[in-house]
Amino acid sequence: MPSLQNTFQVVSQQKLCPKFYRLCIDAPVICQTVKPGQFVHIKVNDQLFPFFRRPFSVYRAQKYVEIFYEVVGPGTAVMARMKKGDPVDVIGPIGRPFSMPDKKIKKIVMVAGGIGVAPFLIFCDALRKKHSDLELILLYGGRSQGHVYDMKEFKRHGCQVHVATNDGSVGKKGYVSGFFPKINIDRKDTFIYTCGPNPMMAAVQTWARKYGVAGEAVCEEVMACALGACLGCSIKTRSGYKTVCYDGPVFDLQEPIF
Amino acid sequence: MKIAVKIADVIFKNPLTVASGTFGHAEKYYDFEEVKKLGAIVPKTVTFHPQQGNPPQRIMETPSGMLNAIGIENPGIDGFIQNKLPAFKKIGVPLIISILGHTDDQFLQIVEKLNQQKGISALELNLSCPNLKHKILVAQDPKATYRVVSKVKKISRFPVMAKLAPNVTDITEIALAAETAGADGISLINTFAAMAIDIETRRSVLGNFTGGLSGPAIRPAAVYFVHQVAKKVKVPIIAMGGIMTAHDALEFIIAGATMVAVGTANFVNPRAPLEVLQGIEEYLRAHKIKDIKELIGSLE
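Chains as they are written, first to last, in our numbering: chain A, 1 to 258; chain B, 1 to 300.
It should be emphasised that the hints constitute simulated quantities derived from the structure, not laboratory data. In this text, a Cβ means the ideal position worked out from N, Cα and C, and glycines have one as well. The reader is advised that the hints may include incorrect statements.
As the list claims (entries may be wrong) - In the PhoX-like style, the derived pairs of lysine-lysine whose C-alpha atoms are separated by at most 25 angstroms in a straight line are:
1) 236(A) <-> 84(B)
2) 152(A) <-> 15(A)
3) 188(A) <-> 152(A)
4) 106(A) <-> 63(A)
5) 84(B) <-> 242(A)
6) 143(B) <-> 154(B)
As the list claims (entries may be wrong) - Derived CB-CB ranges, DEER-like:
7) 195(B) <-> 7(A): 43 to 51 angstroms
8) 32(A) <-> 115(B): 42 to 50 angstroms
9) 236(A) <-> 193(B): 18 to 26 angstroms
10) 153(A) <-> 1(B): 50 to 58 angstroms
11) 45(A) <-> 172(B): 37 to 45 angstroms
12) 153(A) <-> 10(B): 41 to 49 angstroms
13) 31(B) <-> 9(A): 18 to 26 angstroms
14) 135(A) <-> 89(B): 46 to 54 angstroms
15) 224(B) <-> 236(A): 36 to 44 angstroms
16) 199(B) <-> 143(A): 16 to 24 angstroms
17) 48(A) <-> 282(B): 19 to 27 angstroms
18) 285(B) <-> 81(A): 33 to 41 angstroms
19) 33(B) <-> 45(A): 56 to 64 angstroms
Extracted from the complex, chain A is given alone in its bound form (with noise of 0.2 angstroms):
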């Protein structure tokens, strides 16, 4: 019975690389609402499987809501078969944004693991209008190359783009983590942000603890309602269970236990 309940349209389907699509819906009514870290809780058909709807991030909502998504499970391989003109069901926007940097932060990192990247690019329009001297760096890793695209909507807003795959077909060999010892982050003008396997958060965390800099943390686990109704997508955090739909998807960085 929530509001947040609408049928749009499929607009276009793209790959944009060999694991990852991009999937855009006519939802003015979202692209007007939503904020940076919020997600949308899509049926990907009308039948009983996949029985759950998914939750994705909003990768970026200008004329249209872009779901940036791997293909993992039987629900993204429903979703990569829609195609212009199909009807999808969605609520949304929902969840917890990610907070505004204040004045004195001059220096954003974002780390991003795999298909953690999507929450990011929205992020980055509303940093860029707002504050157009901030200095964006993006560290990203993916499994291989086919986990990497050419991200150029990021370089355009003159994000710096680092990349790292597991076996070294594209960027730098290794984790992500391998970025940290050359960027220097600082607790009076840095803020970092993560979304990713909680290995790399959890290794995010201490970088940052380290250094005493702030930041931000978007979780997933499996989740049902996405409304705070069922309590399924609860997660460990410093003060107790929280769920990821209701409390997050954004927390602060240092609050969950990976």
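Following the hints, position chain B against chain A.
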């Protein structure tokens, strides 16, 4: 066309409610004009002490359903009365409060606290949550069911429903025990004890090891339980178990349910309760049924 139903002395304007644990407190997301159309609301089960719930992973989807092992995460009865109840009362729909005591005394203490509250229509005793560390559920033992229901009935200001478990040999034996003890209604059916295994790690998927299966996967079994119980008891039945559509709800009503609760469907289609209600009304019109009571238990 009459769709109001009655349980004990409480009149519900229609037979549609929500199963406990599936209707959220997320006021900011709900369209209250729509929520007001429900016949009753059953908030998530409340216990005597606050409970933090089970470790993640708490849920997973299954073919036509889901497993859950939330573990009754709730603020405890005092926190509920202080922080949750006022918002639920404001909706203006009859409230059926689902309660669970880990001992008989806890049940009674919860009831005593609720007895002092206004704006409550009935109590539902959760005798059947599979996700707690009890070796045997109250609802798996007719004597325990009789004992708890009769103790609560003695002190409760409100009508009392007993919510039963499907993991029993003979559901009618338990339902009769509840009725004999004075239950004003029987809620059928809680989730089925279930589990899933990660074959790579050879570990259970759920943080609580086991969970409860719900959703359309259990619906035909739930219809069977309702049919069995309806033949044996005289008190009204509130039926739940995988209702996604009006068709599903009508099956339960024809099998003998006075009220129907939409549960797991809320997580997938939050509009399901109202769509079900609308569909029931359309069915009654199409079949020229003037009063829903004609349909309840009308199985040939």
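Hint check results:
no.	hint	verdict
1	236(A) <-> 84(B)	23 angstroms, holds
2	152(A) <-> 15(A)	15 angstroms, holds
3	188(A) <-> 152(A)	30 angstroms, violated
4	106(A) <-> 63(A)	29 angstroms, violated
5	84(B) <-> 242(A)	17 angstroms, holds
6	143(B) <-> 154(B)	17 angstroms, holds
7	195(B) <-> 7(A): 43 to 51 angstroms	35 angstroms, violated
8	32(A) <-> 115(B): 42 to 50 angstroms	48 angstroms, holds
9	236(A) <-> 193(B): 18 to 26 angstroms	25 angstroms, holds
10	153(A) <-> 1(B): 50 to 58 angstroms	56 angstroms, holds
11	45(A) <-> 172(B): 37 to 45 angstroms	39 angstroms, holds
12	153(A) <-> 10(B): 41 to 49 angstroms	58 angstroms, violated
13	31(B) <-> 9(A): 18 to 26 angstroms	23 angstroms, holds
14	135(A) <-> 89(B): 46 to 54 angstroms	52 angstroms, holds
15	224(B) <-> 236(A): 36 to 44 angstroms	39 angstroms, holds
16	199(B) <-> 143(A): 16 to 24 angstroms	22 angstroms, holds
17	48(A) <-> 282(B): 19 to 27 angstroms	22 angstroms, holds
18	285(B) <-> 81(A): 33 to 41 angstroms	38 angstroms, holds
19	33(B) <-> 45(A): 56 to 64 angstroms	29 angstroms, violated
Checked against the numbered hints given earlier, the structure breaks hints 3, 4, 7, 12, 19 and satisfies all the rest.
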